[in-house]
Structures are given as C-alpha cells and as structure tokens.
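Chemist: Residue strings, one per chain:
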Amino acid sequence: MTTNEQDVIRVEGLTKVYSSGRNEVRALRGVDLRVKRGEMIAVMGTSGSGKSTLMNILGCLDSPTSGSYELEGVRVDGLSRNELADLRNRKLGFVFQGFNLLARTSALDNVELPLLYDRSGKKRDTRAMAREALRRVGLAEREDHHPSELSGGQQQRVAIARALVTEPALILADEPTGNLDTRTSLEIMALFQELNDAGITILLVTHEPDIAQYAKRIIVVRDGRIIRDEPVANRRRAADDLRDFREDAETEVAA
Amino acid sequence: MRASVLVKVAAQSILKNKMRTLLTMLGIVIGVGAVIIMVAIGQGAQLQIERQIANLGTNMLVVTPGAARQGGVSQGAGSFNRLTIADAEKLQREGTLLSAVSPVVFTRVQVIGGAGNWRTEVQGVSTSYQLIRDWNPSEGSFFAESDLQGRRKVAVLGATVAENLFPDGDAVGQSVQLRNVPFTVVGVLERKGQTATGTDQDDVILIPYTTMQTRLAGRSFIGQILASTSSPGDIPAAQEEIRAIMRESHRLGPADLDDFTVRNQNEIAEAAKGATEVMTALLAAIASVSLVVGGIGIMNIMLVSVTERTREIGIRMAIGARGSDVLTQFLVESVVMSLAGGIIGIGVGLGGATLIGKIAGWSTALPIGAVFLAVGFSAAVGIFFGFYPARKAARLDPIQALRYE
Numbered sequence: 001m002t003t004n005e006q007d008v009i010r011v012e013g014l015t016k017v018y019s020s021g022r023n024e025v026r027a028l029r030g031v032d033l034r035v036k037r038g039e040m041i042a043v044m045g046t047s048g049s050g051k052s053t054l055m056n057i058l059g060c061l062d063s064p065t066s067g068s069y070e071l072e073g074v075r076v077d078g079l080s081r082n083e084l085a086d087l088r089n090r091k092l093g094f095v096f097q098g099f100n101l102l103a104r105t106s107a108l109d110n111v112e113l114p115l116l117y118d119r120s121g122k123k124r125d126t127r128a129m130a131r132e133a134l135r136r137v138g139l140a141e142r143e144d145h146h147p148s149e150l151s152g153g154q155q156q157r158v159a160i161a162r163a164l165v166t167e168p169a170l171i172l173a174d175e176p177t178g179n180l181d182t183r184t185s186l187e188i189m190a191l192f193q194e195l196n197d198a199g200i201t202i203l204l205v206t207h208e209p210d211i212a213q214y215a216k217r218i219i220v221v222r223d224g225r226i227i228r229d230e231p232v233a234n235r236r237r238a239a240d241d242l243r244d245f246r247e248d249a250e251t252e253v254a255a
Numbered sequence: 001m002r003a004s005v006l007v008k009v010a011a012q013s014i015l016k017n018k019m020r021t022l023l024t025m026l027g028i029v030i031g032v033g034a035v036i037i038m039v040a041i042g043q044g045a046q047l048q049i050e051r052q053i054a055n056l057g058t059n060m061l062v063v064t065p066g067a068a069r070q071g072g073v074s075q076g077a078g079s080f081n082r083l084t085i086a087d088a089e090k091l092q093r094e095g096t097l098l099s100a101v102s103p104v105v106f107t108r109v110q111v112i113g114g115a116g117n118w119r120t121e122v123q124g125v126s127t128s129y130q131l132i133r134d135w136n137p138s139e140g141s142f143f144a145e146s147d148l149q150g151r152r153k154v155a156v157l158g159a160t161v162a163e164n165l166f167p168d169g170d171a172v173g174q175s176v177q178l179r180n181v182p183f184t185v186v187g188v189l190e191r192k193g194q195t196a197t198g199t200d201q202d203d204v205i206l207i208p209y210t211t212m213q214t215r216l217a218g219r220s221f222i223g224q225i226l227a228s229t230s231s232p233g234d235i236p237a238a239q240e241e242i243r244a245i246m247r248e249s250h251r252l253g254p255a256d257l258d259d260f261t262v263r264n265q266n267e268i269a270e271a272a273k274g275a276t277e278v279m280t281a282l283l284a285a286i287a288s289v290s291l292v293v294g295g296i297g298i299m300n301i302m303l304v305s306v307t308e309r310t311r312e313i314g315i316r317m318a319i320g321a322r323g324s325d326v327l328t329q330f331l332v333e334s335v336v337m338s339l340a341g342g343i344i345g346i347g348v349g350l351g352g353a354t355l356i357g358k359i360a361g362w363s364t365a366l367p368i369g370a371v372f373l374a375v376g377f378s379a380a381v382g383i384f385f386g387f388y389p390a391r392k393a394a395r396l397d398p399i400q401a402l403r404y405e
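So the sequence lines, in the order shown, correspond to chains A and B. Quick note, in the numbering used here, the first sequence goes up one by one and the last residue is 255. Quick note, in the numbering used here, the second sequence goes up one by one and the last residue is 405.
Honestly, the hints are just simulated from the structure, not real lab data. Each hint should be verified, as a subset may be incorrect.
To be verified - Partial selection, computed: residues in chain B whose CB lies under 8 Å from chain A:
(1) Ala3
(2) Val5
(3) Lys16
(4) Glu308
(5) Glu312
(6) Ile315
(7) Met317
(8) Ala318
(9) Gly323
(10) Leu327
(11) Pro398
Said to hold, decoys possible - Listed below are the simulated DSS-like cross-link pairs for lysine-lysine, each with C-alpha atoms no more than 27 Å apart in a straight line:
(12) A/Lys122 <-> B/Lys192
(13) B/Lys153 <-> B/Lys192
(14) B/Lys192 <-> A/Lys123
Stated by the list, open to error - With beta-carbon atoms standing in for the labels, derived distance ranges:
(15) B/Lys18 <-> A/Ser68: 48 to 54 Å
(16) B/Ala3 <-> A/Glu252: 52 to 58 Å
(17) A/Gly98 <-> B/Ile359: 55 to 61 Å
(18) A/Gly178 <-> B/Ala3: 34 to 40 Å
(19) B/Gly376 <-> A/His146: 48 to 54 Å
(20) A/Arg34 <-> B/Ile383: 33 to 39 Å
(21) A/Asp197 <-> B/Ala380: 55 to 61 Å
(22) A/Gly178 <-> B/Asp397: 20 to 26 Å
(23) A/His146 <-> B/Arg391: 26 to 32 Å
(24) A/Arg26 <-> B/Ile383: 41 to 47 Å
(25) B/Lys18 <-> A/Gln97: 29 to 35 Å
(26) A/Gln6 <-> B/Val5: 53 to 59 Å
(27) A/Arg34 <-> B/Gly376: 56 to 62 Å
Don't be surprised by glycine CBs; every beta carbon is placed ideally from N, CA and C.
Input sequences plus hints: build the corresponding full structure.
Modeler: Here is the structure:
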C-alpha cells in the first residue's frame, strides 16, 4: 500500500480505439505506466505514435477504451464529464505549447482563473494565491500585464504559474518549449527543474532530445505502446546550460 | 463561480467588442423602446377618454327614450315610448338622491346674428344643466330661474358658436335670430373641447326649455333627461330610483318592460375604455415583435461568439470549468447584454413618448407597469435566446476546443 500512495499515476493495460465510420484507429494498444511523486518524465515519440492520446487520457481530458487509470489512488476511468473537470481543476496543471492564456486578461486574472472554478467551497484568498504563484515564476512585477504585452517566455511563465496555483499532484506540459527560442527554452526548463526540485511531479511531452535530457526519466511511445522507459544517465542542469549560453553570446558580441 | 465574478467576466468579454455589443443591444433597445412608446400612447388615449367622460359632467345619469333590452321582445301596441317635461318635473320633485335634473330638448337651426350665420344645435335645458355638466360661463352668466319661468328669449352660446358669430368677442348683450325669433345673448360658455367620438361640444346654443317649446320646437317631447347625484356612491341607487319614478310616470304595469333607458357615465366610459384597451394591447403586441427580433439578434451574435471563443472555452475546460460553468458564463453574457439594452430602451421609450406627445400633440402616459414588464421581458429574451448558444458552448469537447484555430 505504501508504494501505491507514492504513485501519482498508475496505468495498466490502457487502450484507446477511435472509430470513424468503418475504420478503427487503435491509438493506444496497452500502456502500463507508473509515475512516482517527485519524478520529472519526458515523453517522446513521433506524431501518430499515440503520445498525444496518452497525454489527453492522463490529463483527464479523454477516457480510455479499456484499462485502468489511477490518479493519486483514485480510479479515473469511468468518471463523468463533471467529475473529470473537477479532477483537472484540483489535481492537474496544464502547460501548452501555445501558452493558451486568455487574451485581454491580466496575468494575475489568468493565474487566478483555476481557483475560481474550485468547487471544494473552501474560503481562500484567491488573489493572494495567484500573486504567490506569479512570484514563484519570477513575474511578480508583471501581474497587471496582458498576454499581448508579455514576451513568449513570460507568457509561458504565466501559464506555469496558472498550472501551479492549485498545488496540483501533477503538471502536464505539452511541448512547453515548442514555440520558444533556445535561450527562452533553457529558462523555462530551468524553471521546471527548479519546481521539480521543490517536489512537484512533472510530465512533459517533447520531440527535442536536448530538452528531454533535463528530465529524470525518458519514455518513448511508438505505435501505441511504450517501447523504451529508462532513467536519464547524465541529467543536465538547464541553469548551467543557460549560463554557458549567455557567456557564449557575450563572447560573440565582444568578438 | 461566484455571481460577482460571473458578472465581471461577462462584462469584460462584452466590452471587448464594443461595436458589436452596441449593434446587438440596439435590437433590444428598439424593441423595448417601441413597446414603451406604444403603451404610453395607448394609455394616453385611454386617459384622455376618461378625462373627456369626466368632462361630460359630474356623477351624471342620462335617461333616454326606448328600452335597453329590445332584442326580440315586442314593445306592445301604443306603448308610451317618449320622455316628457312631466317626467323631468316628476324626477325633480320626487327624486331624493338627485341633486339636479334637467330635460334636454334638441333641435338644429340656422342661427343669424353678429358676423353672419351658422348652423348649430340648440338645446332647451333648465338652469340645473349648468350644475350637472359642470359647465360655467366664461363671459356673462347662465340664464336664471326667472328666465325659465318667464319663457324669456335668452341664449347662452357655446365657445365655437360665439367665435363664429362674434369674432371680436363682444357676444354678451347682442341679439341672435333662431328661426327668425330674436334672442338676447346673456353668456358665453367656457371651452369644453371635443368628445371621445370627435363631436365639438362647444358647437351649441343653450336656451330655457320652456322658451324652446313655445317659440321653436312646439313639442312636449324631449330627447333626454340629465340628472346628477351629489356623490358618486349614490349613482347605482339613484339609477334604481329614477327607474321606479319613470315607471310610475309612464304607468307601466309589473309585466311591462322599461320603455326608457337609464345610463350612467361609467357605462359609457367602460365601453370607450374597452376599445382603447384593445388598441393598446394591439400596439404593444406589434411592438413586441421587434423585441423578439432583437432577441434573435442576440442569439446570432452569441453563436458567433461561441465559435470565435472555442479556444477560450477549451482553456477554461482544461483548467477545470464544468459544462455548467461555461453555460452560465454565456447565459450571463447574453442576459447582461439584453438587460443593458432593455434599460437603455426604457430611456429611449420614455424620451420618445414625451417627444411624440409634444410633436403630435397626443397625450401620453408614463407607463410604470410597462417599464417593469420591459425589463423583465428583456431579461427573459436574454435567457431564452442565449440558452441555445450557451448550451452549444457547454457541450464542446475540451480536446477539440483546445485544438481549434
């Protein structure tokens, strides 16, 4: 039982079949996965490998055709739409490739949003919680800025703050650096590593092997199955790489 | 989500598209405005009719010849189907609830005098007529009891007659000829205006009914008898009293039907009011159509809005919004929009009604009931026409919505 409580995610025999007309697409063909608290996992795979389907199911946005899924010891498969919505609200944080912030809405309001959908009925200072989350991602001074007034990296930080604010069991990041340049990507990965060091479980999808090297464990999905699942041998620190990157840039300018 | 947050979020997204919001609201503004203007005009007409009926006289009862109920019932040979001076005098003597009684004898004549001649109606009445109709002279005086007794040739002119014969306003003391009989003008009546049916009440000459019978008509039959009570509460009892006296005067047996009709103002007023009420309802119904059209405008824009904001809906769902949260959000938006339109529409309606009243000279009433109805109705329009788009938003699949470009 103690091992079970340690598991944030426990998936067994997960399958997903999409049927459109006569065609059946078997997106997942039996996935087993366990994610322990405090892990940082990179999920890799080509498009059509089934990794997006896996992420959607793990993110409680979709239900599996068969197999079991436990999130923090709670069976998720078979829950209703509303129950899934509540799970997403309380236990999951999403970070997307395209940031997906509400336009013309201040950073603080964006971060506060998940708290407003909370149904636990607890009286909380949602404003103060949103400010604290923004401070954690280093954007305390930008709370009144709208997304259009922020750089891509800053927008992604706001999105991470929004994912953090509910203190979720798991943060799911779908290609979080896909729209960012090298330097900003390093900054975002440094932030993820920092949050992970603080004990937050992170699952991120990426197709860049460099980015995957910042995780503790890499999973490769192909044809609806996990074909590789191994720890990262020489885990890199994004903060170190960022420092090197900055020095290189300075020498270039000097030369 | 708390209500205050919901309204704030709705207000924010409505304000993001000011022009579109304004045009959408315009439909409701026009709808509510039209309903209020139409009801204001209808109620104004009703009020005017009520005022005119009150103008006929205070607590007035009218006795006319002929039975009220004639449908299929034979009146019998030789039935006494006329009113006489004797009837009026008997009412005057025996009516305990009647404060004043006056016979009215009608005839139309060509009157000559002053600037020329004029065709008008001459009414032979008693001095009580002034009291019953609550109609005072603006110049000179009404004829006196002695004029009535002495069958004197004196006349009181209505304002229209006086204006036409004596444009310079010096009618009192002049002489006019009615069927070649010279009469002295003793007074001019104040203006009373038109009746609800458009008859000019001021186009009249009043003379003593005694003089009328000897000098002009030569008949003892009269068109109607007017009577009044001292308080409105006495009217139903007075009506019964008149009936009893009249039956006695006409020597009707218990089996005979009334050969006269006693009506009070309320009956006349109710008939006229009924007609204007139908008119008001009709006008309001026509105006409501534009309110429905405005509602369809809201539905249209909300559908566009749901499509445009598919991604926003996806984001909200991903971070934990339930379908009902999204539904509520869009419903609140459409209700806020239609309510705001309704409130502006009330302003437009009240302003428009006042303006039309001024320009067209129609009397309008400020319809407080219609104002509340319009607010309630516009909120209902928002809910009704906002529901379909809101439900469409609530049923979106979060994965599809997030992928929407």
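Chemist: Does each hint hold? Answer for all of them.
Modeler: Checked hints:
Hint status for B/Ala3: violated, given a least beta-carbon distance of 12 Å to chain A, over 8 Å. Look at B/Val5: its Cβ gets to within about 6 Å of chain A, closer than 8 Å, so that hint holds up. Checking B/Lys16 against chain A by beta carbon gives a least distance of about 6 Å; that is within 8 Å, so the hint holds. Given the 8 Å rule on beta carbons, the hint for B/Glu308 is violated: about 11 Å separates it from the nearest Cβ of chain A.
Hint status for B/Glu312: holds, given a least beta-carbon distance of 6 Å to chain A, under 8 Å. Residue-level restraint check for B/Ile315 holds (minimum Cβ-Cβ distance to chain A is 5 Å; threshold 8 Å). At about 7 Å, the closest approach between the beta carbon of B/Met317 and any beta carbon in chain A falls short of 8 Å, and the interface hint on this residue holds. Hint on B/Ala318 holds. Least Cβ distance to chain A is approximately 5 Å, under the 8 Å limit.
With its C-beta approaching chain A no nearer than about 6 Å, B/Gly323 sits inside the 8 Å limit, and its interface hint holds. Violation of the interface hint for B/Leu327 is found here, the shortest Cβ-Cβ separation to chain A being roughly 12 Å, above the 8 Å cut-off. Below 8 Å, beta-carbon pairs count as interface contacts, and B/Pro398 has one with chain A at about 5 Å; its hint therefore holds. Taking the CA atoms of A/Lys122 and B/Lys192, the gap is near 73 Å; set against the 27 Å cutoff, the hint is violated.
Distance hint between B/Lys153 and B/Lys192 is fulfilled; the C-alpha atoms sit about 24 Å from each other, no more than 27 Å. For the given pair, B/Lys192 sits about 72 Å from A/Lys123 by alpha-carbon distance, which is inconsistent with the 27 Å threshold. A C-beta distance of roughly 51 Å is found between B/Lys18 and A/Ser68, which places it inside the suggested range of 48 to 54 Å. Judged by the Cβ atoms, the range 52 to 58 Å given for B/Ala3 and A/Glu252 holds: they are separated by roughly 57 Å.
At roughly 58 Å, the beta-carbon separation of A/Gly98 and B/Ile359 lies within the given 55 to 61 Å, and the hint holds. At about 39 Å, the CB distance of A/Gly178 to B/Ala3 agrees with the hint of 34 to 40 Å. A hinted range of 48 to 54 Å is violated for the C-beta pair B/Gly376 and A/His146, which are about 37 Å apart. Separated by about 49 Å at the C-beta atoms, A/Arg34 and B/Ile383 break the suggested range of 33 to 39 Å.
Between A/Asp197 and B/Ala380 the C-beta distance comes to about 56 Å, which sits within the given range of 55 to 61 Å. Between A/Gly178 and B/Asp397 the C-beta distance comes to about 23 Å, which sits within the given range of 20 to 26 Å. Taken as a hint, the range 26 to 32 Å holds for the pair A/His146 and B/Arg391, whose Cβ atoms sit roughly 30 Å apart. The hinted window of 41 to 47 Å between A/Arg26 and B/Ile383 holds, with their beta carbons roughly 45 Å apart.
Between B/Lys18 and A/Gln97 the beta carbon distance is about 32 Å. The supplied range of 29 to 35 Å therefore holds. For the pair A/Gln6 and B/Val5, the supplied restraint of 53 to 59 Å is violated, since their beta-carbon distance comes to about 37 Å. In this structure the supplied range 56 to 62 Å holds for A/Arg34 paired with B/Gly376, their Cβ-Cβ distance being about 58 Å.
The structure fails hints 1, 4, 10, 12, 14, 19, 20 and 26 (numbered hints given earlier, in ascending order).
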